[in-house]
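Peer 1: Protein chains in written order, with my numbering: chain U, 1 to 455; chain V, 456 to 615; chain Z, 616 to 751.
Hints in this document: simulated from the structure, not taken from any laboratory. Treat the hints with care, as some may be off.
Claimed, not checked - Estimated spans, in silico, between C-beta atoms of each pair:
#1 Ser686/Z with Gln195/U: 24 to 32 Å
#2 Ser534/V with Trp436/U: 40 to 48 Å
#3 Gln195/U with Tyr671/Z: 37 to 45 Å
#4 Trp61/U with Ala593/V: 27 to 35 Å
#5 Glu596/V with Val683/Z: 15 to 23 Å
#6 Ser534/V with Ala188/U: 33 to 41 Å
#7 Ser686/Z with Ala188/U: 47 to 55 Å
#8 Pro682/Z with Gln195/U: 28 to 36 Å
Glycine included, C-beta positions come from ideal geometry on N, C-alpha and C.
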Amino acid sequence: MILTPLLIAWVMAVILALLDGRRIWVGWLAIGAMAGVFLTTLRLTIRVIEHGSLEIVAGGWPLGLGITLRADALGTVFALVSSGVLLVALIYEVLAGVHERAMPALTLFLATGLTGLFFTGDAFNFYVFFEITMTASFVLTTYGQREREMRAALIFMVVNLLGSSLFLSAIASLYHLTGTLDMRALTAIAGSLEQNSVTFTSILIFVAFCIKLGLFPFHFWLPPVYRDSWPAVAAILSGAVANVGSYGLLRFGGMILERELQLNGGALIALGAASILYGAVQAVSVRTVGEALAYSAIGQAGYILLALGIGGPVGIGAAILFALINSINKTLLFLTTGLNGWLVGAAFAIGAFSVAGVPPSLGFFGKVALFQIGITAQNTLLLVIIFLGSALSFIYMFQIYQRAHWAVDHPEQPSRRPSRLLVLGVGILIIALGLWPEPLLLLSQRATDLVIGTP
Amino acid sequence: MTTMTRAIAKMLLLPIFIVSVAILVKGYTSVGDGFGAGIIATLGVLLQYTALGSAEAHKLPLVAVAPRLGLIGLIIALSVAFTPLLRGQPIMTHFPPPGASVLHFGTIEILTAVAFDIGVFLLVFGFAVGTIDLIALAHDERIAQQGADSLEQQIKDEDR
Amino acid sequence: MNVLLALAVAVLFGSGTFLMLKHDLIRVAAGVLMISNATTLFIMTVSLHRGRAPIYPLPEDQPISDPVVQSLALTAIVIGFGLTALLLVIIFRVYGLYGTLSGTAHPKQEESPEEIAALARHQRPLQRSPRRVDAP
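Whenever a hint applies, use it, and build me the whole structure from the sequences.
Peer 2: The structure is reproduced here in structure tokens:
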């Protein structure tokens, strides 16, 4: 039951790798497989909400001895949003015409890696699926095969290989300190270990996930990669792969290394604030749409870290909700960059409202949660920073809208209708979720209870 | 490359394969596994590429079929991992389970874990040999392209 | 013995970082390879005990070496191998497109109008100022 999404994704990825992805029927077969992954993940989410976590141990070994695969509220909600993002991006690319034979197979391999990552309960198995995800995304970044994409892929790859090596060293030192790799056992033991050695490990894990998420001092790989890669690929990277960073910070920081997270909350808040301001200020003064969205992604990642730094039920809840909303927003925004037409402009405007936090779009609830943590922490400076970041994001989003969609000197031919309708559909989904946010709020509340409620 | 290097390289291909299969098989009682076996088999093919040149090495029957071999290996490994799900058992439960009696073929044991290892061997060999082949082909194309460009340049200079 | 291994890990990490900061792309790839090997050595340093091989039948009252660390190190080697192969292929492709292996080659900052028109829509620069509405 847990493994159905993984099974579908992996087997279909291998079958699609043998076929030519440029043909229409292969593209639609890939869309069918991805829809299968999304629907089975949805069914699993409903089951987890009603009955609690599910787990099985690979190989039939006893618990704690074998590799545990666990579907709990935190993992399933992230897996649901990520597979939704991948589905939308794949439909977009197939409608626009795939021009490399391996692209649908690569998207399904990426789905395999992400599904395995969100559903595993073993730290080293997390690393293995993390590497599968990153390998598929490295190859996807080269989609298009011109100079810019290759350069972006090279930068992406070198920086992230370094991050992965740091993460692996951290897992090895965790094993040395605790003698186990199972996440539940680690959570039980990590609180009672000697502090100095665990601090080193937690710094390495923090740096590795911040590189992935694109936070301020570790963000230098992000603008070239998001700007120069194909729109669908940029949507996948910002909407699905960046989720690995937020999920990792929540799982390893919020659950396993909880004491370290609380002790170093001040540093996290400082880094988050720096990231918000840096991203917002840089986004106001850029040349291309892709670059502005990349700096916007850096800014939004700062909000997640700010929420994590404050911690507690309110902080963790805001972090989870904001991470999910951000990935949906970024998907919509990156997909609109490749299309023309006033419908596309409307969809971009909806995405812009969502990033700025204006009701009735979904982003409003994310911003409400963030302001709530500022009020709970009773810190005026935090509220000022959050407000400043939101105001600046409003400015740069509408600057882009004005220059790219509204006051255009040479309006071009509108793009093909199915693509435009797809993008508008995602925009309407954002408004619909903004008017009826109960499911998303319930999911994030359950995930928060899971993260906070561990002893 | 001298004649002796080429002759020895050709002779070494089959013994290298036999060593790699031996490492694959002896992994259940002493040191060895599918990944190391795949790497050693790849090294045998790489020796052919460096000693004989890519044009001749490309004609080896194994090299042409290598990427598909890799995907077949992945399919074998995935089916060994996921078939227990159909019987209601967790993923990657091996048959026969630990502690039960095992069928022997000489001293080799017949387990699903052996099939998994063979899948990994094929995967590593197919992936690595496919990559080497592609890089060699691209390199040859580039050299041919540079030769054609410089020839064009020469003709243009002569015309002037 | 542990100090020697720790020193080896430190030297490998340091050399790998030094190489990654160079201009030549092949040196960057060598640096990445060194760092992944340093991580593998680090895995083995932190948890490996001396002892007999962990294969049944186990000898009584003799220390057994930890099989988990060995499988971690093996998996790390496999992953490092695959990723280094991918990195070298991408470097080869970059070499083909840019014609040089220096890492400081980048697209020209100012591009002619034809080149800008040839870019994909999402890579085109935004107009500097919005269209001014002519006075009636």
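Peer 1: Hint by hint, note whether the structure agrees.
Peer 2: The hints, checked one at a time:
1. Ser686/Z with Gln195/U: 24 to 32 Å: With Cβ atoms ~30 Å apart, the hint holds.
2. Ser534/V with Trp436/U: 40 to 48 Å: With Cβ atoms ~43 Å apart, the hint holds.
3. Gln195/U with Tyr671/Z: 37 to 45 Å: 40 Å, holds
4. Trp61/U with Ala593/V: 27 to 35 Å: 45 Å, violated
5. Glu596/V with Val683/Z: 15 to 23 Å: Hint violated: Cβ distance 46 Å, outside 15 to 23 Å.
6. Ser534/V with Ala188/U: 33 to 41 Å: 36 Å, holds
7. Ser686/Z with Ala188/U: 47 to 55 Å: Violated: the Cβ-Cβ distance is about 23 Å, outside 47 to 55 Å.
8. Pro682/Z with Gln195/U: 28 to 36 Å: 30 Å, holds
Violated hints for the displayed structure, listed by number in ascending order: 4, 5, 7.
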